[in-house]
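2 protein chains.
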Amino acid sequence: MTSSVDQKIVNTTQAAFDLKHYLKERQTLVEAALEQSIAVVYPEKIYESMRYSLLAGGKRLRPILCLATCELVGGTIEMAMPTACALEMIHTMSLIHDDLPAMDNDDYRRGQLTNHKVYGEDVAILAGDGLLAYAFEFIAAQTQQVQPTRIIQVIAKLGRSVGAAGLVGGQVVDLECEGRSDVSLETLNFIHRHKTGALLEASVLCGAVLAGADESVQQHLSRYAQNIGLAFQIVDDVLDITATQEELGKTAGKDLQAQKVTYPSLWGIEESQRQANQLVADAKAELQPFGELARPLMAIADYITARKH
Amino acid sequence: MTSSVDQKIVNTTQAAFDLKHYLKERQTLVEAALEQSIAVVYPEKIYESMRYSLLAGGKRLRPILCLATCELVGGTIEMAMPTACALEMIHTMSLIHDDLPAMDNDDYRRGQLTNHKVYGEDVAILAGDGLLAYAFEFIAAQTQQVQPTRIIQVIAKLGRSVGAAGLVGGQVVDLECEGRSDVSLETLNFIHRHKTGALLEASVLCGAVLAGADESVQQHLSRYAQNIGLAFQIVDDVLDITATQEELGKTAGKDLQAQKVTYPSLWGIEESQRQANQLVADAKAELQPFGELARPLMAIADYITARKH
Chain U
1 MTSSVDQKIV
11 NTTQAAFDLK
21 HYLKERQTLV
31 EAALEQSIAV
41 VYPEKIYESM
51 RYSLLAGGKR
61 LRPILCLATC
71 ELVGGTIEMA
81 MPTACALEMI
91 HTMSLIHDDL
101 PAMDNDDYRR
111 GQLTNHKVYG
121 EDVAILAGDG
131 LLAYAFEFIA
141 AQTQQVQPTR
151 IIQVIAKLGR
161 SVGAAGLVGG
171 QVVDLECEGR
181 SDVSLETLNF
191 IHRHKTGALL
201 EASVLCGAVL
211 AGADESVQQH
221 LSRYAQNIGL
231 AFQIVDDVLD
241 ITATQEELGK
251 TAGKDLQAQK
261 VTYPSLWGIE
271 ESQRQANQLV
281 ADAKAELQPF
291 GELARPLMAI
301 ADYITARKH
Chain P
1 MTSSVDQKIV
11 NTTQAAFDLK
21 HYLKERQTLV
31 EAALEQSIAV
41 VYPEKIYESM
51 RYSLLAGGKR
61 LRPILCLATC
71 ELVGGTIEMA
81 MPTACALEMI
91 HTMSLIHDDL
101 PAMDNDDYRR
111 GQLTNHKVYG
121 EDVAILAGDG
131 LLAYAFEFIA
141 AQTQQVQPTR
151 IIQVIAKLGR
161 SVGAAGLVGG
171 QVVDLECEGR
181 SDVSLETLNF
191 IHRHKTGALL
201 EASVLCGAVL
211 AGADESVQQH
221 LSRYAQNIGL
231 AFQIVDDVLD
241 ITATQEELGK
251 TAGKDLQAQK
261 VTYPSLWGIE
271 ESQRQANQLV
281 ADAKAELQPF
291 GELARPLMAI
301 ADYITARKH
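Sequence lines, in order, name chains U and P.
Under my numbering, think of the first position of the first sequence as 1, with each following residue one higher.
Under my numbering, think of the first position of the second sequence as 1, with each following residue one higher.
Honestly, the hints are just simulated from the structure, not real lab data.
One thing to keep in mind: the hints can contain errors.
Chain copies aren't distinguished; within one or between two, either way the pair holds.
[Claimed, not checked] As a list, the in silico DSS-like pairs of lysine-lysine whose alpha-carbon atoms are at most 27 Å apart:
| # | residue 1 | residue 2 |
| --- | --- | --- |
| 1 | Lys284 | Lys254 |
| 2 | Lys254 | Lys45 |
| 3 | Lys45 | Lys20 |
| 4 | Lys260 | Lys45 |
| 5 | Lys59 | Lys45 |
| 6 | Lys284 | Lys117 |
| 7 | Lys24 | Lys117 |
| 8 | Lys20 | Lys59 |
Please work from the sequences and hints to get the whole structure.
The following block contains the structure:
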């Protein structure tokens, strides 16, 4: 069953590039690599808990971006796959910890019970810690045919994108703004540039660094990532209002209920959509120097504003 | 004011090696490096929370072991200092998360309020995540004059020592055993080899790897570390019974109160002390090939059984 949005994507990009097929193919590769990345051994519960959230589906956008930029710069999927998996491990860790009662207190995620609802809070905290540590181990131990100095650069970038200078910093400001209705646009931008943007940017940059991208290429890709990162968040905020729980696979209307300041609450839905479209256009402009090779990244940028979940 | 135990250490090792002076000197170097490792910028709260626990004192045993093995194998303090700091960041992360209400629910640590009692549970969880991510970034970004392949090996070893195959795995089994009085010696050993032992072993091995230790040297040091790690835990268990809250800087008698299975509960205090002494003797035997150069590690092994906190 193809939704009208899926159909629209196919129609508008098919001549040049079959995004739906591309995403499906890459998703399958990433799923297989993730499936193999963690074996269940004693003590089984922690490995099961880590696998429960890591293999719960999702768009695998971060790994796919990482593979795409590695190929764009002349590298291979094999070179980037351990880093791609690590990105998903880190993203999953952030979701597990975000969902905890002490944080967002969510019972559902991607249509199933959150980690702590199944395994308990203690194990969920540890599963997050385990995934975070394993992400770095996995890159260091599994990356093949890449110059060691590039691997070290990737680890440094990735670490920075998760820590207080990235995701964790964004999350802290987000928590501080909870229940406040006077949050400025500047603060909202800070939250999302760090909470969502930093890891998306790392996804894009790490793939490029593994393939040996120079400073100028990294700068174009960095701006591409920052723009789609913010667009992604604006669309998320809009979908929280306009989409159903079934479409989202998580509680819908949560922001409104919590009277949370969001892009639509500051700008309205229409202007939010316009801003997201502009950011996507800006993102695509950064890809001009790469020509035809950038078609997957172009299509992914378009997909962000067209998606329904 | 010098305690009788401190005096005993000085007396027994002074002729060969002044451990007290050595530890003090190294501690000062490590404190200075840790102090500089994290600056407070916006959003201040997360950096303050990370610094609160990271700079709360402690023996700095892991960093000191790392510096010592790096020098033993012919490296310098400068080569190992970023990894030494990272080890303390990771150790601190494990303490912050351990103390959470969903885990051990401790109000005091090292004589002061635990992180979540000061900053709230949400920030404490994020401070731990931030420290863990920063540890890997710090090694990757700060390590100088070390071959890149060795840095990657260190990151792989360190990641493994924290994740489900190490510290996190030990912690999960520890949680599963909570309130059970039928815990076997095998399980107790598993817990401590992972919860405390894995990171101590990584501390010892990472310093050696940075300096280019070969496989045989790594094996001796690995067994040294495993033995002092277990001895360290046995002594911890004994001190929980025999030391006062003032001496420990944390709640004393907690194990007894929780009817927790410990080495003294399985073996009695006297036999526990004998086992700890034997492990220390075995650890020191592994250092024979290094001759005089191993004096710091010899003295640290002795210190473990003699310490009062």
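Which of the numbered hints above does this structure break? 1, 3, 6 and 7
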